[in-house]
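For the sequence shown, this note's numbering begins at 159 and goes up steadily by one.
Some hints here could point you the wrong way.
As the list claims (entries may be wrong) - Subject to a maximum C-alpha distance of 30 Å in a straight line, what follows is the list of computed DSBU-like cross-link-like pairs (lysine-lysine): (1) LYS499 <-> LYS177; (2) LYS475 <-> LYS485; (3) LYS433 <-> LYS485; (4) LYS169 <-> LYS521; (5) LYS433 <-> LYS350; (6) LYS390 <-> LYS350; (7) LYS433 <-> LYS321; (8) LYS496 <-> LYS521; (9) LYS321 <-> LYS485; (10) LYS169 <-> LYS321; (11) LYS350 <-> LYS177; (12) LYS499 <-> LYS485; (13) LYS321 <-> LYS177; (14) LYS496 <-> LYS433; (15) LYS499 <-> LYS521; (16) LYS390 <-> LYS499; (17) LYS350 <-> LYS485; (18) LYS350 <-> LYS169; (19) LYS177 <-> LYS521; (20) LYS499 <-> LYS169; (21) LYS321 <-> LYS350; (22) LYS433 <-> LYS390; (23) LYS496 <-> LYS169; (24) LYS475 <-> LYS390; (25) LYS499 <-> LYS350; (26) LYS496 <-> LYS350; (27) LYS496 <-> LYS485; (28) LYS475 <-> LYS499.
Bear in mind the hints are in silico, worked out from the structure with no lab data behind them. The structure displayed is predicted, hence computed values, not measured ones.
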Amino acid sequence: MTAAVLFEQGKPRPYAESKPFAIEQVELDPPGPGEILIEVGGGGLCHSDLSTLEGLRPRILPTVGGHEGSGIVREVGEGVTGLAPGDHVVTLFVSSCGSCRYCAEGRPNLCNASLSARTAGTLISGERRLHFTGARRGELLHHYSNLSVYAEYAVVAQSSVVKIDDDVPLDVAAIFGCAVMTGVGAVLNTAKVPPGGTMAVVGLGGVGMCALLGGVVAGAARIVAVDVNPDKLGLARQLGATDTALATDQDCVEQVRDLTGGGVDFVIETAGTIKAMQTAYAISARGSTTVSVGLPQPSQLFSFAHSALVSDERTIKGSYMGSCVPKRDIPRFIALYKRGKLPIDRLRSGTVGFDGLNAGFDKLADGAVLRQVLVPQR
159 MTAAVLFEQG
169 KPRPYAESKP
179 FAIEQVELDP
189 PGPGEILIEV
199 GGGGLCHSDL
209 STLEGLRPRI
219 LPTVGGHEGS
229 GIVREVGEGV
239 TGLAPGDHVV
249 TLFVSSCGSC
259 RYCAEGRPNL
269 CNASLSARTA
279 GTLISGERRL
289 HFTGARRGEL
299 LHHYSNLSVY
309 AEYAVVAQSS
319 VVKIDDDVPL
329 DVAAIFGCAV
339 MTGVGAVLNT
349 AKVPPGGTMA
359 VVGLGGVGMC
369 ALLGGVVAGA
379 ARIVAVDVNP
389 DKLGLARQLG
399 ATDTALATDQ
409 DCVEQVRDLT
419 GGGVDFVIET
429 AGTIKAMQTA
439 YAISARGSTT
449 VSVGLPQPSQ
459 LFSFAHSALV
469 SDERTIKGSY
479 MGSCVPKRDI
489 PRFIALYKRG
499 KLPIDRLRSG
509 TVGFDGLNAG
519 FDKLADGAVL
529 RQVLVPQR
């Protein structure tokens, strides 16, 4: 089958020329116990993937990329229940073992076994189903985030998918596998923004726009959108932002604080930079909650005044995968989409084939797009 293989991180831009993703023919084993084979319907181009290309998020290489996807079940392995060939699914970039301390506490997004598998480049079982052909036969080829959906097909653990209605277009459904869970979940699950609350979103990529839509669903009375790109501020207003601020303005923080009478109650930071996190914290009010969703380079540090953390009763929280329980949250997010409450299709910036994947990441790095989706050509 055809797959996009990352051999080296940190290649120079433009990626359309340096080609960090090599389009290769690889072999895929049939599903083992507890696993399924899916025909990939879509694989989102996410900023986390871009960070991997840039070398900011170290990964074990070589690997078949892609962590946000959708597909159709084509085969099920021994012991699989609740899924059958023909079912449509959204993939999850965190599998769940069901038995570690976090899974037992209802926090499958923090599953220890899944983290170990992602670090090792395997499925949650510790197995690899991907293999090189030809001259590279015998070399290890790793899975990306327990998935690897930049391919025509993928073998994944049963716990790496959630079944969805088959009337949702697969190129839209793919976005639910990361951007929607992460952005909407950060608002509804992590921050728990109440009806009538005030909130801001710092960083308006795909995840940030989903957080904005989450604020609309939550019933926030005021939603301030902050980004460096004025074009994205215009779209944010169309999607429900009540106010916008250009992050490059020297008085951006003062603008937001003046607009909101001293800052907002909840801030969702999605850009994954220390500058964005500093802005997010600075525009928050006393007694507020600042939620960080973006993933910066692991060695970067964010600092704050300890005394103000106490005297202002501030809260700083991380949110991974939107603190979601996927089997609970994805169906309800899909239902909101189908009712027109989560217009996720407004975030799509078109589809690409394997031949356009590297150029697609150039567009993402330029801030020119929100969510492109790889649709494998067969």
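Do the hints match the structure? See the list:
no., hint, result
1, LYS499 <-> LYS177, "violated, 38 Å"
2, LYS475 <-> LYS485, "holds, 23 Å"
3, LYS433 <-> LYS485, "violated, 34 Å"
4, LYS169 <-> LYS521, "holds, 16 Å"
5, LYS433 <-> LYS350, "holds, 24 Å"
6, LYS390 <-> LYS350, "holds, 25 Å"
7, LYS433 <-> LYS321, "violated, 38 Å"
8, LYS496 <-> LYS521, "holds, 29 Å"
9, LYS321 <-> LYS485, "holds, 8 Å"
10, LYS169 <-> LYS321, "violated, 37 Å"
11, LYS350 <-> LYS177, "violated, 41 Å"
12, LYS499 <-> LYS485, "holds, 20 Å"
13, LYS321 <-> LYS177, "violated, 34 Å"
14, LYS496 <-> LYS433, "violated, 36 Å"
15, LYS499 <-> LYS521, "holds, 28 Å"
16, LYS390 <-> LYS499, "holds, 20 Å"
17, LYS350 <-> LYS485, "holds, 19 Å"
18, LYS350 <-> LYS169, "violated, 40 Å"
19, LYS177 <-> LYS521, "holds, 14 Å"
20, LYS499 <-> LYS169, "violated, 40 Å"
21, LYS321 <-> LYS350, "holds, 26 Å"
22, LYS433 <-> LYS390, "holds, 18 Å"
23, LYS496 <-> LYS169, "violated, 40 Å"
24, LYS475 <-> LYS390, "holds, 25 Å"
25, LYS499 <-> LYS350, "holds, 18 Å"
26, LYS496 <-> LYS350, "holds, 23 Å"
27, LYS496 <-> LYS485, "holds, 17 Å"
28, LYS475 <-> LYS499, "holds, 26 Å"
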